[in-house]
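A.B. asks: For reference, the chains in residue letters:
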Amino acid sequence: MDRRSFLKATGSSVVLAPAVFSSQANAQDATIQFAGSVPMTGAASETGLNVKFGYDCAVKFINEKMGGVDIGGKKHRVTLNLFDDASDPARATSLIQKQVDEGVNFFLGSFGSNIVLPTCAITEAAGRIMVQAGGGSDLIFTQGRRRVFGLFPRASRQFASTAAMFKTLNPQPQTVMFIYTNDAFSKVSAEGASKELEAAGYKVLNSIALPAQVSDVTDALGTVRAANPDILVCSTHDATSILIARQMVATNTNVKMLYQTLGPQTAAYVEALGKYANGVVGASYWDENAKYKGSIFGSAKDFAEYYRANFNRPLTYHMASGAGCIVAYVEAMKKVGNVTDRNAIRDALAGLDLETFYGRIKFTSQGDGDPVLLGPMVVQRQKGDLAVVYPTEAATAPTLYPALPWQDRT
Amino acid sequence: MTMRIFLLLGTLIVIVLLPQFLAPFHIRVVQLFFFTAALALAWNVMGGLAGYWSFGHTVFIGMGAFAAAHFVAKLGLPAGPLQMIAGIVFGALFCGIVAAIIAYPILRLRGIYFAIAMLGIGQVAAELANNVGWFQGDVGLFLETALPDGVEPERFFYYVFAGLFLFTWMVSLVVMRSRFGYGLLAIREDEDTAKMLGVPTEQIKAFGFTISAVLVGMLGATYAYSLGYFTASSVFRIDFSLNMIIYCLIGGIGTLAGPVVGAALMLLLTQIILGQLLELHLLATGLVVILIVLTLPNGVMGLVGGEAFRRRFSMRAGGKAR
Amino acid sequence: MRDPHFPDRQAMLIIQTALNGLVLGGVYSLAAVGFSLIFGALGIVNLTHGIFVICGAYAAMVLFHVFGIDPFLATVPVAIAFFFIGYAYQRGLIQVAISRASLVASLLVTFGVALIMRNLLQLVFSPDVRTITPSYSFSSLTFGSLRIDIVRLIAVLVSIVFLLLMALVLSKTAFGRRIRATAQQPLAANLSGVNVPHVLGQTFGLGAAFAAASGAVLGIVQPFSPSSEDFWTLNAFIVVVLGGVGSPSGALLGGILLGLISSFTAQFIGPSYTNAVMFLVLVIMLLIRPQGLLGSAFGESR
Amino acid sequence: MAPVKTEMVGVEMSMDAVLVADSLRYAYRGVPAATDISFTLAQGSITALIGANGAGKTTSVKMLAGALLPDGGRILYDGNDVTRLPAHEVVELGVTLVPEGRLVFPALTVRENLQIGATARRASADLDRNMERTFDLFPRLAERRDQYAGTMSGGEQQMLAIGRGLMANPRVLILDEPSLGLSPKIVAQIFALVKRLNGEGISILLVEQNVNQALAIAQFAFVLEKGRVVKSGSGAALMKDPAVREAFLGGL
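Heads up: the sequence lines are chains Z, V, S and P, in that order.
For the record, in the first sequence the residue sitting at position 169 is 168 according to numbering that gives the first Met the number 0, with numbers rising by one throughout.
For the record, in the second sequence the residue sitting at position 282 is 281 according to numbering that gives the first Met the number 0, with numbers rising by one throughout.
For the record, in the third sequence the residue sitting at position 18 is 17 according to numbering that gives the first Met the number 0, with numbers rising by one throughout.
For the record, in the fourth sequence the residue sitting at position 118 is 117 according to numbering that gives the first Met the number 0, with numbers rising by one throughout.
Among the hints, erroneous ones may be present.
[Stated by the list, open to error] Residues from chain S that keep clear of chain V, each with C-beta distances beyond 10 angstroms, as calculated:
| no. | residue |
| --- | --- |
| 1 | Leu-62 |
| 2 | Ile-68 |
| 3 | Phe-83 |
| 4 | Lys-171 |
[Unchecked claim] The calculated label-pair distances, taken between Cβ atoms and stated as ranges, are:
| no. | chain 1 | residue 1 | chain 2 | residue 2 | range |
| --- | --- | --- | --- | --- | --- |
| 5 | S | Thr-141 | Z | Lys-166 | 34 to 44 angstroms |
| 6 | V | Ile-96 | S | Thr-141 | 49 to 59 angstroms |
| 7 | P | Gly-100 | V | Arg-109 | 16 to 26 angstroms |
| 8 | Z | Ala-198 | S | Phe-142 | 34 to 44 angstroms |
| 9 | V | Leu-17 | S | Pro-76 | 56 to 66 angstroms |
| 10 | Z | Arg-359 | S | Leu-145 | 46 to 56 angstroms |
| 11 | P | Gly-100 | S | Phe-142 | 57 to 67 angstroms |
To be clear, the hints were calculated from the coordinates, so they are not data collected in a lab.
Here the structure is a predicted model, which is why all the values come from computation and not from measurement.
All C-beta atoms in this analysis are idealised placements derived from N, C-alpha and C, irrespective of residue type, glycine included.
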């Protein structure tokens with residue numbers, strides 16, 4: 000990272016702090032009020048902030064660029080009232096209750112299933128709606144809630160598209176190994192993936208669980224070298240992903256494909272790995288090069304441009320997911336023609352099937368994202384950029400497989 | 000005496016009627032207050048009276064929660080008030096048994112070493128709960144509450160926690176008034192002398208530790224019920240342990256009212272006043288903690304208690320945890 | 000027929016694991032030595048320790064990105080700066096709290112400062128994970144099938160240099176002698192002409208300097224963010240309890256022990272159990288020998 | 000015994016007073032330990048402070064040494080007000096307290112203990128010379144110079160504590176209960192040493208419960224009771240005082 004981009008990145012949150020407050024100020028007669036919590040501090044704060052920037056971006060666009068959104072023949076502005084839940088479920092529940100009391104009808108989600116679950120139980124019981132992009136646990140969707148929607152598929156179904164991508168590789172990989180962080184989301188998605196891959200005929204050699212805070216993976220990599228899998232799948236937090244990749248380079252541990260669900264998309268990853276990031280594959284629920292477009296924001300590219308022009312925090316798919324939540328709400332409201340009928344809006348959300356900048360938004364009957372339409376695309380770092388390699392119809396480049404050994408990467 | 004009974008009755012009436020006048024959010028805040036104040040009171044039995052500062056009391060919150068969840072799942076009890084009571088009682092008992100077993104070895108340690116050992120035990124339990132598949136601490140556990148018809152969850156748990164708080168308060172009161180309580184105080188002032196004078200320090204410490212654990216386990220199991228779904232990281236939180244200490248210190252350690260006042264003050268600050276400060280609430284909380292230490296070295300109760308109070312209960316006297 | 004001189008795979012694995020453990024242990028020792036000094040000499044459980052470490056890492060990152068200063072070189076200015084910061088912090092805040100309330104009050108104060116600093120770091124640097132990546136970050140040494148990161152190896156060497164430096168300062172200089180005397184008998188030291196508050200401040204400053212300098216090195220070894228602060232405080236705690244309070248050799252021993260436990264657990268039981276085993280060993284150690292393997296370097300008075 | 004008025008002690012009359020305590024007061028958290036402490040230490044003298052346990056002797060000398068800040072009153076050294084000076088600056092002026100209970104640094108060697116004693120600037124240049132003198136005075140310490148102080152006997156620790164005090168080049172040496180808990184033989188040695196040091200020109204303030212021996216070598220003595228000075232006079236006079244004999248010397 001050069002000096003300029005460094006200063007830009009460190010300055011970003013300082014510059015943006017006032018924006019948070021101003022977004023609450025412009026309340027007019029016709030407004031749509033969104034509320035909820037995000038972890039701005041604590042364990043989940045990094046991704047939490049990403050989602051928050053997505054929410055902020057959508058609100059700014061709708062209010063400033065579109066001058067409000069036309070619902071039932073009337074322009075509506077959007078307000079956003081978020082608080083920091085500090086990654087703490089107790090804090091989140093009491094403050095969500097506060098917003099329920101204040102009459103908020105439309106909630107946006109926090110990040111992390113152990114917060115989303117208790118909070119969505121409150122909104123559900125109060126008959127309010129939550130559209131979220133931060134809780135993937137199956138339990139959120141399998142307990143009969145009717146007013147909770149997730150922009151992502153539930154954890155156990157998130158690997159479907161990746162498994163399909165493996166099928167397209169040539170030569171066909173034979174063996175896969177897993178490293179995952181031992182938390183609800185990573186574990187369930189790794190287990191789901193493992194089952195899916197075994198069913199598809201791959202041999203799963205080993206699954207290594209890592210603690211949430213890890214300072215050294217040398218030993219796990221020793222196991223990787225000994226097992227020598229074709230593909231190493233890491234379902235880990237971004238800091239751990241960086242650590243794994245760096246130590247793989249340093250200890251010259253090579254696999255034909257390194258697949259890291261979270262990490263390769265982020266700026267920190269590229270900053271940490273430089274040229275070695277090239278060839279690493281990851282999951283992305285959205286990419287600016289995908290050919291989707293919708294009535295709000297326009298195309299995926301337009302969203303990326305608008306975001307970058309107005310915000311300094313490096314863009315990841317979480318921003319798009321956050322904005323996608325608000326877009327889903329607004330599209331449903333447009334259909335209903337008002338912003339007050341909670342039941343009608345819930346039904347409209349449940350029935351949504353519509354292309355947007357984020358992709359085709361369609362929920363399952365239980366409220367989570369459609370595993371095919373809203374499942375992840377597979378991306379690969381190529382020549383410093385992020386290329387979509389699967390699904391084929393959205394691909395911007397072919398998959399590089401097998402990847403070059405670390406020392407040959409440029 | 001009659002004055003006291005009236006005071007107690009008055010308090011009870013206020014607690015019972017309060018939810019009628021509060022919005023659900025404030026009901027939840029008061030509920031959280033009952034929960035955290037009871038935790039601080041339970042910690043205070045060992046930390047405040049005996050001078051044994053546990054940095055890992057959250058272990059009993061987690062253990063209570065996990066024990067309750069597995070117990071009711073194992074027995075396949077149908078969700079309902081009976082199941083909840085069974086779960087909470089089992090969670091409390093389980094913590095009591097574990098505490099009684101570890102009490103003798105762990106209470107041989109003093110001061111900061113006891114504090115760290117408890118921290119370590121808390122961490123071991125948290126890691127095991129999270130990583131041993133059987134415990135399911137990583138994917139999470141589910142504790143369903145069957146609410147009586149027409150009762151909102153926040154109101155229901157308000158009364159549950161209010162009851163547990165009063166129970167903990169009564170236990171603390173009885174402990175402080177008893178010979179046993181004076182035994183704990185003697186241990187805090189000078190354990191070796193107390194022992195030489197024939198005070199059965201070993202038994203007293205073990206008993207105090209077990210009582211404290213039972214209370215915290217009971218609260219932990221109930222907390223798990225109130226969350227509905229919890230993972231190891233929801234209940235094994237170091238900040239629970241820290242908060243118990245901080246509430247006691249801020250209110251006035253070793254007293255009955257101190258932990259309660261401390262909890263009330265800090266909740267008021269963090270939940271209501273500073274909750275809206277978005278990115279600055281940690282900073283504000285930190286500042287408040289520092290200011291209180293510098294301006295009220297004996298806690299809020301030291302402010303109202305006068306010189307005699309200070310001599311008996313000041314942080315200096317309790318300050319053996321080096 | 001297998002060549003009898005060729006070590007079989009299991010033996011190599013054990014050697015590699017031990018090597019990894021030693022290297023990791025060096026890193027842990029490095030991060031713990033400042034905590035050890037402050038805890039041992041002042042009796043203060045410094046919950047700001049992890050903040051010093053992380054601040055050191057951020058400082059090294061800024062120096063690296065803005066001025067191109069190598070993080071290993073950055074340890075020097077970072078240490079000097081944090082000596083003064085630590086001194087001012089101790090005299091200006093911690094000492095005031097202790098004299099107004101008690102030694103335990105310092106626990107609360109450092110806790111409060113840690114909250115504030117974590118919040119400030121998040122505001123300034125965002126909660127994102129950061130790394131420092133000098134050109135040599137990806138090299139490793141290979142001996143047969145044994146492999147080791149160069150960065151970690153250098154970190155271990157730096158760690159040993161730091162520990163030696165601190166051992167020398169403590170045992171050979173008049174300054175170190177005053178620190179030890181003050182730790183053992185503050186009143187007698189004062190009556191002997193030692194300016195005790197000044198020495199306490201200097202001791203704290205020295206501890207902060209070591210913590211921050213270790214952070215500058217750790218920043219190359221692994222990713223960091225404001226929320227990794229408590230990890231380093233906790234680790235330092237364990238290292239000190241394992242090895243013994245206050246002495247550099249205790250920190251080294253504790254760190255290496257912790258590293259070995261960590262790497263053998265990771266290899267033979269599973270990485271997710273490393274923390275559980277680490278803390279289990281801590282508890283057992285406390286029960287058997289609470290003063291740590293080497294005891295307190297400051298005598299029995301603490 | 001009736002309290003002695005301050006003017007009887009004579010703050011202004013003693014031209015040769017090196018150290019003067021004038022109406023010092025101190026309370027530990029509200030519990031008074033010293034209510035009215037006034038006495039003078041004449042230049043070149045041995046002066047004894049005697050009194051029962053809890054009479055305020057240690058509190059008084061800690062105030063003199065700067066280890067406690069008096070709640071009221073004044074301390075004059077060579078006529079200058081030094082009441083508010085901290086201990087390490089008092090040492091710098093030449094007043095050194097060898098504290099009760101010895102308080103050696105247990106995990107420092109004998110030599111290091113002595114080196115710490117020479118921390119003051121007034122003493123650092125003479126470190127080697129003073130170390131030699133201490134080893135001359137206490138051959139036991141010379142033998143054990145590299146041993147940890149914590150491993151030595153009580154008598155040896157007392158010698159070390161006095162040696163450490165001498166390392167600061169004191170003009171005034173305050174000894175707080177130097178004979179406490181020691182065998183008669185060692186006590187005799189220590190009293191002999193006190194006389195010898197006094198002979199070398201050091202003014203000595205001796206705090207003792209061992210009243211008999213203290214009065215035997217002291218030119219002046221002050222009697223403390225419940226935090227105040229109640230009697231004063233020459234050592235010999237007090238030895239004959241019936242009240243003093245009654246209180247401290249078994250009534251004979």
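A.B. asks: For each hint, tell me whether it holds in the structure or not.
C.D. replies: Evaluated hints:
{"no.": "1", "hint": "Leu-62", "in the structure": "25 angstroms, holds"}
{"no.": "2", "hint": "Ile-68", "in the structure": "30 angstroms, holds"}
{"no.": "3", "hint": "Phe-83", "in the structure": "21 angstroms, holds"}
{"no.": "4", "hint": "Lys-171", "in the structure": "28 angstroms, holds"}
{"no.": "5", "hint": "S:Thr-141 / Z:Lys-166: 34 to 44 angstroms", "in the structure": "36 angstroms, holds"}
{"no.": "6", "hint": "V:Ile-96 / S:Thr-141: 49 to 59 angstroms", "in the structure": "53 angstroms, holds"}
{"no.": "7", "hint": "P:Gly-100 / V:Arg-109: 16 to 26 angstroms", "in the structure": "22 angstroms, holds"}
{"no.": "8", "hint": "Z:Ala-198 / S:Phe-142: 34 to 44 angstroms", "in the structure": "42 angstroms, holds"}
{"no.": "9", "hint": "V:Leu-17 / S:Pro-76: 56 to 66 angstroms", "in the structure": "58 angstroms, holds"}
{"no.": "10", "hint": "Z:Arg-359 / S:Leu-145: 46 to 56 angstroms", "in the structure": "52 angstroms, holds"}
{"no.": "11", "hint": "P:Gly-100 / S:Phe-142: 57 to 67 angstroms", "in the structure": "58 angstroms, holds"}
When the structure is compared with the earlier hints, no violation turns up for any of them.
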